[in-house]
Structure formats: C-alpha cells, structure tokens
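Q: Here is how the chains run, residue by residue.
Protein chains: 2
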Amino acid sequence: MNTTDTIDQPNGGALHVIPLGGVEEIGLNMTVFQYEDDIIIVDAGLMFPDEEMLGVDIVIPDFTYILENREKIRGIVLTHGHEDHVGALPYLLKEIDVPVFGTPLTLALVKEKLKEFEMTETTLISVKPRDIVTLGVFRVEFLRVTHSIVDGVGLGIQTPLGNIIHTGDFKIDPTPVDGELMDFHKFTEYGEKGTLLMMSDSTNAEKGGFTFSEKEVRRAFEDIFAKTHGRIIIATFASNIHRVQQAIDVAVQNNRKVIMCGRSMVSNAAIALELGYLKMPQGTWVKIEQLKDLRDDEVVIITTGSQGEPMSVLSRIAIDEHKQIKIKEGDTVILSAKVIPGNERSIGRIINHLMRRGADVKYEQVSDIHVSGHASKEELKLMMNLVKPKYFVPIHGEYRHLKYHYRLAEKSGIPKENLFILENGSVLEITDTGACVRDKVTAGRVFIDGRDSAGVEDIVLRDRRRLAHDGIVIILVGIEKSTKKMISGPEIISRGFVFEDASQDIINEVRNLMSAALENLDDSVIADVSLVQSKMRSTLKKYLRNTMERSPMIMPIIMEV
Amino acid sequence: MNTTDTIDQPNGGALHVIPLGGVEEIGLNMTVFQYEDDIIIVDAGLMFPDEEMLGVDIVIPDFTYILENREKIRGIVLTHGHEDHVGALPYLLKEIDVPVFGTPLTLALVKEKLKEFEMTETTLISVKPRDIVTLGVFRVEFLRVTHSIVDGVGLGIQTPLGNIIHTGDFKIDPTPVDGELMDFHKFTEYGEKGTLLMMSDSTNAEKGGFTFSEKEVRRAFEDIFAKTHGRIIIATFASNIHRVQQAIDVAVQNNRKVIMCGRSMVSNAAIALELGYLKMPQGTWVKIEQLKDLRDDEVVIITTGSQGEPMSVLSRIAIDEHKQIKIKEGDTVILSAKVIPGNERSIGRIINHLMRRGADVKYEQVSDIHVSGHASKEELKLMMNLVKPKYFVPIHGEYRHLKYHYRLAEKSGIPKENLFILENGSVLEITDTGACVRDKVTAGRVFIDGRDSAGVEDIVLRDRRRLAHDGIVIILVGIEKSTKKMISGPEIISRGFVFEDASQDIINEVRNLMSAALENLDDSVIADVSLVQSKMRSTLKKYLRNTMERSPMIMPIIMEV
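For the protein sequence lines, the chains are A and B, in the order given. Every letter in the first sequence is one number past the one before it in the numbering used here, and letter 374, counting from 1, is 517. Every letter in the second sequence is one number past the one before it in the numbering used here, and letter 69, counting from 1, is 212.
One chain only, chain A, in its complex shape:
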C-alpha cells in the first residue's frame, strides 16, 4: 500500500482514527483522531531502543502526518505521565504550537521534561477527571482510571458520529493506594448511551485472571520490613508514586526515615509532594547527608535503577561507586519493579554484585514485590462489558498482545467485522454506514541519537551493526596524481578487528596481500580510483572470510597527491 499524508473525505462525514505508534510495540503511544478539518492527538510517547538500535538514545514516532496537517490540530490530550505516553512531546512541540491537556501530575512531569529542553512557551492546560474540553468538533471528557502512576485518565471522546472510549493505560484496582477508584459510573454511562468505538490497553492481554491490586505490594513490604533490622533499599520507577507512597507508609510505620536517591526520583517525589499526590509526616524525608547519623534500622533508601541502567544510583551502589551508600552485610535491597524484556541480564548482574557485597536482594523471581499496572484478561473483558463498544481496536501492544485482546473481544461477542488490528499509520475510517481500514499514512520510528532531532538514518544503523560485529580495516595508499604510481602504502589500520600490537602477523599478511593486489593491476585500472578500491575491497574480503571467518568493514582509501 502506498502511503499518503492527506486523506480524502467521503461524503456525509467520516471519522478517521490513525495510530502513529503503539500498535506494533509497547511504547511510542500516539493516536490521531480526525474529523474533516479537526484533529486531536492523544499522547506522544517514546520508546527505549532495543539492542539492535546501536547508539540510539530514544525512539519517537514519525510526525510527518501531523506536520503535513498542522493547521488542523486542535490540541494534544494526555492520558498519563509515563514516558511511553509523553516522552516524545518535546520533539513534537518543537514543530507545532498547540495546547496540551492533562491532569495536574501529568502536566507537572511534562513541564519538568520541557524545562530540560529549554521549552517554556507551551500552553499546558490542567484538567481534572470529568472535565470536558471542546477541541473543534471533538468534546473530550477525562475519565479516572487506575494505573501504576497516579492521576491517570481514560478519555471519552464525543464526535459527530458517536462516542469513542480510549482507555489509556489501566487496570481495575478495587483498592487503589490513593482511594481514587476508576470512574465506573462514567464508563457505564458511555456504555448505556452506546459507544461507537473503544480503544483499549492490550499490554497484559496474554495474562489470565485479574491483576493484583497495588495494595498487595504493601503486604510484601510489611513482611520484609518486619523481618529486617538492617538498612532497606527499594528500587522502583520514579513515576510510580503509589509504590513510593507505600514504601513511605511502611517506613513511617516502622519508624524509619526515608532518603530519596536518583535525579528523577527526587524530582518526581518533590512534584508529587507539592501537588498533594504524595503524603508523609513532616521530617520523614531526610537528606542523604543524614544517612551516617542514622542507625541501620532507621533507614529506607528509595532509588531509581530497577532496570539495571548502568548510570543509575542502584548500579553505582552495586559496584561500590556511590559516594554515600556502601553495601554491607545486613542490607536488604528490594527491586520493586517489572523486569522489562531485554533488561534481564543487566538486572541479573546488579543482583549478583549486591549479593556478593553482602546484601539480601528481593526480586520478582523470589518475592511478591511487584504487581503490574495493566489489566489482565478478566479486567479487559469487564471493560468491554461496561463500555459496550460497537467497534473495537486493541492498542498498546505488539501484534501478539493485540491479537490476544482481539480474541477476548471476539469471545465477548463483538462481531469479527467490527474488530480491527491496526498498524502504525493505518487509517480506520468510520462513517454512518460502517468502518474499514483504508489508506496508510506515513508512520514509523525516528531514532534519536544525541541532540540531532532529525533522527539517525537506517544506513547509519546498518553501518554501526557492521562495525560492531567485526570492526573496520582501513587500507591507505598514496598515489602520485601525475604518474599514477603508488608512492606510499599500503598501510593497514584497524579498529575492532584485531589488536594490532598482538597481531602484527595478520596485519603484515594483509599488507602483503594488498601490495600484491595493487602490483597486479595494470595502469588503466590504477587510473580509476574506484576500480582500485573495489579490487582491494573484494580481495581482502575474500581473504578474511576464508582465513578468519570474519567480515569487517573494509575501507580502502586512496590519496592522490
């Protein structure tokens, strides 16, 4: 299918729903809702690179479609403050100037992020659950949901063709830490009136049953605290304010002071405290400098680094490179977070280091110290029953998650022809007469490396993979311009191939091989630099493959002087 960046409007009005990210991955969440000349954008998330995206710092969605239709955009609506929903905002807001709507904590996290990018001009409009904002033909209602970050919302989007429910990220937590239940009333109200389309979180669609309440973690914390007389270090995501709240509550209950570590942990806790999302008695949160004055059983350290990120506080503690915190016998470290796929080995290494230095480490495999923030199968079906959508689109997942969610919808009685698994850039068109997937707009991933917001090209990544695998061999030859005679070289330089000091024989062999190859060339070939280069490259490639089974990048450089 060819992609396009404008969509024909059928007669009679059509609603177009276009995910620009989040339906081929966990991350990059971003959806465009368009009705004629009005567009709203829901979320603008990033994704962290996987191991093949070498040197890439973060990944963001391709904004082409949005930029091509910039004059139609009425606003950006945020469901919650997780990076996979707001992390691409600074890059988007660099390009377009539209108001951004979100709940207080979400916006406070966004503001912090924009500050890092030195962007202070954005219009951020704070909303609370059940607020309704009008954006062109759309009326967007914010609906409280429970998730692993406070102040998360789903969206009720009223359109000329009917109502859409976008769940955001959610689970159905019957006992949320802050007591703020999901807005069952509103969700069922949409259901009663009849929902045109629901888009729902598929992250845990593979998992049976109900996801445990966040409060279950408190029990696990209480057990550990009761048995522990040494210091306790809890690592979790800085954005998981509920988890931090529970750690603080149990700390207070056990007469322990709390020390926050890690830039994002300190800043998020401060924001949440200021906005009233985090509560603790005066004097609970103490500075790290006080650590040395406290007895071991008076301390809880809450920190980042639960994913084994190499520069995080926990990693530095683990390898004894943290200035104030040195692990000793009797310390207990709790990794209270999900192991994000791909991080198993680095987390494993951290655990080994901590245990080797005497800490007792509680992690997911051996302790119940984490619950998911996403709905499992039974909750997903319940959500369908409450909202009773005509059309259903699973979002927030890789294909397999979407497919499992699709099957749940099928089992819940939504007819197959009303179920749509979309790809990034797919255009779901809904009219009075039906719904179908048509067109595909430009969509994809932009790889951000350093400060260049244009993104890293595929060819650059391909070269990096090549260099990573077998390194580079440079062959340097000087040729006299007038006579076309070789006047210096071939000189062999390599990096990531063999260690030259230890492998002079290999380097010598390569040099001899290249000399021989050059000597055998006749003058007409020598005259053509690119022919000489290609001859050198192919000769060396073959030689290295046969003798060493390696294929480094080969770069013949001919300098004519």
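Worth flagging that the hints you see were computed from the coordinates, not collected in a lab. Wrong hints could be hidden among the right ones.
Put simply, identical chains are the same to the list, so a pair is met inside one copy or across any two.
[Stated by the list, open to error] Here are the simulated lysine to any residue pairs, SDA-like style, with alpha carbons at most 20 Å apart: (1) K350 to D503; (2) K481 to Q508; (3) K624 to S673; (4) K624 to V280; (5) K678 to I630; (6) K481 to E226; (7) K685 to R594; (8) K256 to K524; (9) K684 to R594; (10) K237 to I431; (11) K350 to K481; (12) K430 to E211; (13) K430 to V395; (14) K554 to E472; (15) K624 to I701; (16) K628 to E441; (17) K559 to E472; (18) K627 to E703.
For chain A, the structure is supplied; the task is to place chain B on it using the hints.
A: Then chain B, alone, in the frame of chain A:
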C-alpha cells in the same frame, strides 16, 4: 590476589578443586580436580555471548592452567552432551591429547562436533552408568541422573582423601520419559559411606518446590493435539531428545507424521535413533518433500529456533523465507523451550510474525509447554540429604544462584565453615585437617570470533562497542615530507556517524573546523605527526560533543608523501 599456574603441594597430600568456569555464569562449565601430579577435568563447556560481546561467536574458558600442567592430565570426564558442558572441547583437544570419557549419547554428540572441526584423532571412551574408570589416583564412577538431555550422569570421584560427588546437571524426575531413574541407590551409598565434598547444580536454586517431571509436557502436548486440526510445528532444543520423543509419541498417537527441520535437529535425532535413545514406528519420520502430499492434520514439524535465532528454521518460517514451509491460518506453533534471558525480544518478534501470518502460537507465558531440566529447592535439599557431604560447593550458576544454594546447604545443616562459594580460578584445597580457598590460578573468558582460536582481545571489544555506539570519523590529511606543508585534505570520511549524502552540512562543518585547527598549528607542531593527530582529535571530539552530544571514534590519518 596474584594468580599463579602452579600450586604448592602441602605435606601429607592435598586435593585441589579448581573451577575454570561455571561458577560466575550459567555456561563455561569446567572443573579441575588435582591430587599431586594427577589431574582430571570434568566437562569443558562454552557460553553464548551476551549483548556486550559484540561480534563474538562463542565464549570458552581460559585454558592456561591446563596447558601449564598438561603432563599431569589423566583424562577428561563428561557429564552430558549440552553445549555448556562439551562446547569448548574442540578448542581444548586442539591443545592437549588426552582420553575423553562419557556415555554413548554424550560421545556421539561430541564426535559430531569434532567432525566439524576436522578432528578425528581423539580417543573417546564410552562408559555406562555405574562404570568406574581409574585416572591416576582418581577413580571416577558414573551415576545416572535425570536432566533435559538423555544419558546424563553425575560423578562419584574417589580420591585418596575421600569421595567427591559432582552432580552434573540434574533434576529428580520421578517419571522420566525413558524410565531411567536417577541412581538413588548409588547416591545414598556415597552418603552412607561419607562424602567428602559435593558440588551441585545451582541453576534453579532460587525456585521453590519441585521441578515438574518432563512427562508433564506430554499432557500439554496431548491437549493441544486434541484440539488442533491444522499443522503443528514444535520448536525445541535439538539436544532435548526426551522432548522430541514426547512430541513423536503424541504425533503417532494422533496419526501424524513427523518432519524434522534444522541441521542440528536432524543430526541429533538421527544419532539418538541409531543409538536407541529415540524410538518411533517405521514410517513415522518422513522427509520434508512429503509435506505437500500430507493433509494438515497428518503433520507435525519438529524444528530448532526456539530462541529466535535469526538464521534458524523457525525464524525463516516466521518471516516467510522458508522454501517448503509457509505459515497459514490454522497452523499451531509450539515454542517448547525455556526463554533464555537475553532472548526475550527476538522470541517476541518471532511470535508476532507467526501470529500475523495466521498461526496460533503456544509459548511459555500462555501455555504449560515447558518444564525445566534443573532441580528446584526441594530437590536440591533432597540431594544434600542423600549424599550427606562434609564440604559443599554450589556450581553451575551466577553468584546469586550459588548464594541461594549456599543458603539451602546452611539450612540443611552443613556448617558455614564447610561451605564455599568459589570464583573461576579459585583453588579449594582439602587436606586431612580441613579445607580452605587459597591461591587463584589464571582463569577467565576467551572470546572466539570466527576461526581465530586465540580469542578476541578486550581492547578489540572495547573498540567495537565504541564503533557500535557512534561510528567512526576519519580525517585524512596529506603532508609533504620535505616541507611539512599540507598538500591535500582535510578530507572527512565517516561510517555509522551520519549519512554523508544527507548530512553534507555536518561534514562540511567538520572539514572547516579541521582546516582551521590545522592552519593554526605552528611549524614545529606540524613536524610531529602524533601532536597534529592529537590536536585534531581533541578539537573534533569537543566540537561533536557540544554540538551533537555524540562521541564517535575519531581517527586522524596523516599521510606523509
């Protein structure tokens, strides 16, 4: 501690136990047992590289200690045929010529491997359980254990100071597929007589309870087969003959023919069939060419690729690049294997591809189609109770696994001073008067890339990581030897940094920066090539960090002509 490669012998005889791999990782299993001038080696395993070992094909233990003491080696004893126990053998046998002892299937797998390396001279001596071989002062008895490969054994090693039990990899399977129970009698006999030292498998020491019997998988297979009318594709490890046997049994029971795919699957199945470890009625195993003549409900395809290995049959099927097998609606794919940490994302990708093409995919998260081959906590304690060792050394694990196993031993009543967590190269010395860890011999990891068995140096890997992260920028300058004047360049060439065609402005800026840097140098500096290079490197490094937040490898090349 300085390392050494000879060990002083105390008076009165001492037994030295030296793990050369396997106690800081899952993999590289290899242990040296030495008594005065007699050495035996147990296993010689490899490890697959992790994501930081760029371009490395496999990792093997450092053999220095063995090579320094080659005249003392009486033999190599193998516990079973998994790669992490026999994969380094060809590299070791290139260096030393000693007999290798193992059970028939283990040796058949080794033979196959040696053939690949064109090594046919090795003396392979086949043993069966309860056989005893005398190697210098050591008498080694082979003891049947149950594991995820058939024909696995533990070892009873009789030494002048007492008996050692080396469990090999094991679980206690009460209903093994081949009916061959662990040799409870012999293990308890050692226990009755008094065991000096036990070294035991720690892989699952974090896991509570008992590991399920391999036969449990059969039930899961039967359920899936009963409900499936389409083709069934089962991916598992080629060495897991029991799993393959169960797939075949259920296939036969359901009147399906079996097609084996993947080089190692075909070769292992053929070996196991020939040796009588795999049994099936004549006509069950058919050639892939017959696939097109069979109805969908008459087919089971058993294949490799359960870890998402990019070149495996399953990967090729998943992305529609397999010649004979095209996934279609109605196919069921069973990934009947553990997800090895680090492979989550590639396995996830395979599942997405298969599902997108219409297959139903059963994997560990959604189905009970795999059980572990390693003992869990209760089995490990049971083994301690049977063997009743005086000293205990947990093996086969990273630090955290060893530590968990250590704690089990403590709970089982072995005094703390008799428990030892060793590192690779640690020398555990046992004498009549006690045991302690002393010295450390050379040990470590050798990175094999291609055919160079010397291994890749650390500096090469460091360069590869650097190249992988931000690529390379080469600055080329020609200087006239006699006048020290710049006669050509600076020319800028890069790979993995920016795509030059699209980023001419960056390249131009770099060129101008370098020109300016060179112009400002005075003649005395120009005369010293290394000074010029370092000036260019530092200038560009600073510039790229400030403007782009990147730090590619910078390689100034000055050619004097």
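Q: So which hints don't hold here, by number, going up?
A: Of the numbered hints given earlier, those the structure breaks are 4, 8, 10, 12, 16, listed in rising order.
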